[in-house]
Structure formats: C-alpha cells, structure tokens
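Peer 1: Single-letter residue listing:
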Amino acid sequence: MKTDKIVISVKNLIKDFGSFRANDRLNFDVYEGEVFGFLGANGAGKTTALKILCGLSRPTSGEVMVSGCNVYTQSNLIKQKIGYMSQKFTLYEDMTVTENISFYAGIYGLNFKQIKNKTMQLLSSLGLEGEAHKLIADLPLGWRQKLAFSIAIVHDPAIVFLDEPTGGVDPVTRRQFWKMIYEAAAKGVTVFVTTHYMDEAEYCDRVSIMVDGRIAALDTPANLKEKYNASSMNEVFLGLARHTSNK
Amino acid sequence: MHEFKGFLIKEFYHIFRDRRTMLILFAMPVLQMLLFGYVITNEINHAQIAVLDKSDDYITRKIITRLSASGYFEIKSYLQTHDEIKEAFQSGEVREVVVFEDNFSESLNRFGTANVHIITDASDANTANLIANYTSALIARFSADEFNKDSRGLTIKSDVRMMYNPEMKSVFMFVPGTMAMILILISALLTSVTIVREKETSSMEVLLVSPLKPAHIIVGKVAPYAVLSLINAFTIILLGHTVFGLPVLGSFILLFSECLLFILMALSLGVLISTTTNSQQVAMMLAMVALLMPAILLSGFIFPIENMPFWLQWICKINPSTYFIIIIKNIMLKGSGFMAVWRETLILAFYTFFFLFVSIRKFKTRLT
Chain A
111 MKTDKIVISV KNLIKDFGSF RANDRLNFDV YEGEVFGFLG ANGAGKTTAL
161 KILCGLSRPT SGEVMVSGCN VYTQSNLIKQ KIGYMSQKFT LYEDMTVTEN
211 ISFYAGIYGL NFKQIKNKTM QLLSSLGLEG EAHKLIADLP LGWRQKLAFS
261 IAIVHDPAIV FLDEPTGGVD PVTRRQFWKM IYEAAAKGVT VFVTTHYMDE
311 AEYCDRVSIM VDGRIAALDT PANLKEKYNA SSMNEVFLGL ARHTSNK
Chain B
632 MHEFKGFLIK EFYHIFRDRR TMLILFAMPV LQMLLFGYVI TNEINHAQIA
682 VLDKSDDYIT RKIITRLSAS GYFEIKSYLQ THDEIKEAFQ SGEVREVVVF
732 EDNFSESLNR FGTANVHIIT DASDANTANL IANYTSALIA RFSADEFNKD
782 SRGLTIKSDV RMMYNPEMKS VFMFVPGTMA MILILISALL TSVTIVREKE
832 TSSMEVLLVS PLKPAHIIVG KVAPYAVLSL INAFTIILLG HTVFGLPVLG
882 SFILLFSECL LFILMALSLG VLISTTTNSQ QVAMMLAMVA LLMPAILLSG
932 FIFPIENMPF WLQWICKINP STYFIIIIKN IMLKGSGFMA VWRETLILAF
982 YTFFFLFVSI RKFKTRLT
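Taken in sequence, the protein lines are chains A and B.
In this text, residue positions in the first sequence follow my numbering: the first is 111, and each later residue adds one.
In this text, residue positions in the second sequence follow my numbering: the first is 632, and each later residue adds one.
This is chain A alone, in the form it adopts within the complex:
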C-alpha cells in the first residue's frame, strides 16, 4: 500500500557520457508501496537512470537517495535493499527451479533454513511444486517470467526494479504478472517499473514519461489523461513525444 514515506529521492540528477547528456536534471520522488511507472521511448535515458538507482552506474551530479542510502557513498547498502529483474530472462537455463531459487536467495545472504522456507513458499504460491526439479530450459516462457519476479523479491527488498519485465510475453501472462506486482506492492514493496506497453502504464499509481533525457511529465495516469486531454496513456505518450520532436 502506498504511504507518504519517500523511498527514492532524485534531485537534479545529471548523467553525461562525454558530451552526450543522457539524463538532464531529473527530479522525482517515489513513495513506499507505490507502483511507479518509468516510461520513455528507446534512448530516452530510462536505462541510464535505472542503472544509477541500482548502483550500477554513478551520476555525474545531483542528489540521489535510494531507501535512505546515498548512491555515491552507500551503493553497497543499497544493493542489500533492492531487487532487480531485467527484460531478459536471467534465470540459469541449465539449473533447476529450486537451484535457481537457492542461488539467488543465497547471494542475498539468506541462510539455509530461510532458503528452504522461501523455496517451499514460493513454489506453492506459483503452483510450481511439480516442476521444482525441472530445468528452467524446460519451463514455458510465462512461468519463467513469474518465477524470475518471485526470485527478484525473494529477499524481501524495500524496492524492486523491473526493467521491461513483460517484453515478449502473451497478454494473459502479462495480466497475471501484474497481479503479482500488485500483491508485492500491497505488502509494502515499492515497485519501480519501466515498460513499453502503454496499457501497463494505466496499472501504475504514478507514471513519469521521459523524453530526450528529461522528465516531460509526471503524475497519476488519470491526471495525465485529463491534462493532455487524451483518452488513453498511449495518446498521452504520443502527444508528448510529438510535442517534443516538433520543437
């Protein structure tokens, strides 16, 4: 559930690659338990910002706090408190379901007993008991995706970053996937998600839309539609992109 507590605070974030400015003075806050959509066309600077928030990359300047930690000095602490799932399947195909769960739980420092409990809990909630000892390579794509998400939050992180988590997935699985996201958010996990699907943007509590390295809009989907006089988030997005490219 969304609260008033700020878990991600970004002030005047700038990231330069040589003379190219990938992130230009970004400012936003994300609240605890919020599902925050991070939208933008390819090359708009989403991934760059995401990497900075995850501690994979350092900002050129600006103030960035993630879960109460400074990204410049406390990136190791941040890593303990966040989960991450990328657009590609990052489970190991040559390992079984339980082996993958154990591996990822293990690198987040869960002990043997915790891992055992988590594995049972996770398998039953996903209905994967029968597949526990199957190789990931033998699982259907949709199941892998759901498993990957469960594994990304296996260590109960404060924030989970999802980088285009539903790329290449059928609509039914996408809907189930979003159900899982809501369940996680209901438990107080903050969900920071990038996506290309504008219907998914409607599921978010708030969305920010990046255009050319800057945040062009940030509000709830309903407010954005009203502001830009659009019937869907798709129209909002296209309107913003067109507006900027005409400039």
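Keep in mind the hints are simulated off the structure, nothing from the lab.
Below, in silico cross-link-like pairs of lysine to any residue (SDA-like), each with a Cα-Cα straight-line distance of 20 Å or less:
1. B/993 - A/168
2. A/161 - A/184
3. B/844 - A/168
4. B/830 - A/197
5. B/830 - A/204
6. B/993 - A/166
7. A/289 - A/304
8. A/335 - A/304
9. A/191 - A/175
10. B/948 - B/974
11. B/844 - A/217
12. B/830 - A/274
13. B/993 - B/850
14. A/198 - B/829
15. B/844 - A/267
Computed from a prediction, not measured in an experiment: that's the story for all the values here.
Position chain B against the provided structure of chain A, taking the given hints into account.
Peer 2: Quick look at chain B alone, frame taken from chain A:
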C-alpha cells in the same frame, strides 16, 4: 526460393559487417600459411655452443673456427674441465658442448684418427638432433677438405651424446608443451567464455545489482577453473611419468607452484578477454587465435625458437607459454632449482599482475 535468397544475402551482411569474422576468414589463413612456412624449417642459426678443447692445437683451433664461421653456431664459452659441461647446460646458456680429446693432433698424426664428442641438451629433442647433425657434418667436411690429399687417410671421428634425454624421446618435449596448451585452453578460454556467457544472458547485471562484490563474482567464476587446471597439470605429469617414463628430477613443490602461477596468469588473461567482449563466440575466437595458436606454434613447444626469423622470435619472447615451457623443462628434465628459473618465474608473475591490472581498470570504466 525467394526466402532462401534473402537468407543468403542476410548471411553475407553478417559476415562482411563483422570485422572479426572477416579477419578470421581472410587474415588467419594467410597468417597461418606464413607461420608454417617460416616455422617448419630444418635450419639452425647461431645456436649457442661451448667448446672444451684441452689439446688447443693447430687442428682443433681450425675446426672451432670452421664451426663458428659456418654461421650455424656461436661459440658462447670455452670450458676448462669436464665438470663445467653440466653447469653450462644447467644454466641454459648453451645447447651443445663440443669436446676434443686430449692431444688431438698428436693422436691424429700418430694413429691416423682422433675423436670429437658432441654433447647436446636433448631436453629439446628436435633442436638437439639438428645441432648434432650439423656439427658432425661440418667436422666431416673439414676432415675431407683437409686430409683428402693426405695419403695416410687421416680421419676425425665424431660421436654424439644426448644429455637429459638420451633416447631422444619426443614425449619429453611434448609434455611441457601440452601442459602449457591445456592449461591455457582450460584457464583462459573457458573462463573468458563462462564470464561472457553471463553478460550475454544479462545475468551478469543481476549479479552486479546484488550485494556480491565484482571481485567475488570474478573469483567465483575463476576459482573452479583454477582447481580443475591444477588437477590437469597433475594428471599430465603423472601420465608422462607412468606411461612415458618422463622423469621429474626437480622439486615437486616448485613444479606445482610454477604450474599454479601459470594457471593464474592464464586465468587473468581469460578475465581480460571477457572484459573486451559481450559475445561468447568472439571470446572463444580471441582465446583460440590469441592464445592457443601461439601456445602451440610460438612457444618452442614444437618448433625451436632459435630457427625462427627475428620478428617471430620477438613474438615468442612476449608469449608467456614460452617461459612456462622453459621452466617446466628445467625442473622436470634437468632437476634445476628455483635459481635457474627465477627470471622466467618473474616474467610470468609480471604478466599475471599486468593482466589483472588491465582487467580491473576495464571493469571499472564499464561501471562508471
């Protein structure tokens, strides 16, 4: 049919637009042709030899001049006693010692025959054989030139002795080389591929976001291969010993420490390769072309380095495998201690630190 044509065109795009594929397709065959052309040669050049000439008379001096004037040999030192022969070989300075019998010309004049002993370092069987043959041929020719018109039918007899490997077993030569090759293959190639696989499937990102430190990730990836490689080194030595009767005259501890050093060097090279590319195929090709081929051809493993053209000798000199093979031959076949191989050891250690340093730098720049 139409789809097939489109597919063919697409494949040609892949090939012509990838510089590495182009290099492998067109540059490698040429390079290999050149390499084989130059390397497989039965000539020797300026092989360093020593002379033990106690009689030091008119004829022996003439023979020595003939040897050094041939261009095949370079007289590195003049020994005084028989005891110095072993020292000369162990220092690795000379490949052959030519020993003239005492009172050489006197015995030639009195008995019509005199003896020359040709002693070679046969731990490198190929070269030893070549050098010995060249020496006897030169002496035979000298004998023919000088004494043809002499009615007494004087002859100089030369007999050849191979030291360290009297039966000229080529396995003695191949074992250290094979070890270098296999260790490079496992350590450098497999580690680079396994690290790059993580990058390719983007699981590396997930690992980097996790609390694991980059150093942990690298060490975790590399350690299993270090262990496997060391087991491999042990197996090769064991096989060489039990099946081929290859001796291990030097210290086992020194031998395995040197193996471990070489493995660490190869692993750090593997890590370095993995930082340069995101594709398993490229990593594999790099390791194959940049490591495996030199390990086989340009390390003294099969072809004696002395016989190569100057520029290839330089490549051999920057090839870490070359030093490893020298170390292994010295320890196993000659029973040398650390003092005989400290220079080579230092070079391997330098390479290890150099590759690690560059990899860490590259890794860091990727993150910022």
